[in-house]
Amino acid sequence: MASKIRVVLRPVKSIVVRFCPFESNVESTRKFLGCINHKKIQATNRNCEVTADVRHDGSEPLVDVMFVDGDRLIMKGANLTTVEMLTALGSRCNAKDLKEEQKSKKSP
Numbered sequence: 007m008a009s010k011i012r013v014v015l016r017p018v019k020s021i022v023v024r025f026c027p028f029e030s031n032v033e034s035t036r037k038f039l040g041c042i043n044h045k046k047i048q049a050t051n052r053n054c055e056v057t058a059d060v061r062h063d064g065s066e067p068l069v070d071v072m073f074v075d076g077d078r079l080i081m082k083g084a085n086l087t088t089v090e091m092l093t094a095l096g097s098r099c100n101a102k103d104l105k106e107e108q109k110s111k112k113s114p
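Numbering (our numbering), first residue to last: 7 to 114.
If you're looking for bench data, these hints aren't it; they were derived computationally from the structure.
Heads up, a few of these hints could be off.
Listed next, the in silico SDA-like pairs over lysine to any residue satisfying Cα-Cα at most 25 Å (straight line) [to be verified]: (1) Lys46 - Val22; (2) Lys82 - Val14; (3) Lys109 - Ser97; (4) Lys37 - Thr93; (5) Lys45 - Arg78; (6) Lys10 - Gly40; (7) Lys37 - Gly96; (8) Lys10 - Phe28.
Working from the sequences, and respecting the hints, build out all of it.
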């Protein structure tokens, strides 16, 4: 189901996926990391740095996305599914791509 969600990382500078593997609510965050590291998604932006920050401190699972334009998207993975996180990232990336295309069309 997650493979049908289209994610283009063109406007993304870096993604940090932070979680404690011993907590019970990290499955969706780990799956998100696996999806983002897929070669087809990675091919959409080779300069996007994906970092896995694995901690043993009982911390809440978190995905921190930094965009090229300085915006940030922080998703707390404890109450989100993998599909919800991928959809949120995909829609934000698509909106930024659309905005960039409109800017390039306006300026000659």
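Evaluated hints:
1. Lys46 - Val22: holds, 19 Å
2. Lys82 - Val14: holds, 21 Å
3. Lys109 - Ser97: Holds, at roughly 18 Å.
4. Lys37 - Thr93: holds, 14 Å
5. Lys45 - Arg78: OK: Lys45 and Arg78 at ~23 Å, within 25 Å.
6. Lys10 - Gly40: holds, 15 Å
7. Lys37 - Gly96: Holds. Lys37 to Gly96 sits at ~16 Å (cutoff 25 Å).
8. Lys10 - Phe28: Violated - the C-alpha atoms of Phe28 and Lys10 are around 29 Å apart, more than 25 Å.
The earlier numbered hint that this structure contradicts is number 8, and it is the only one.
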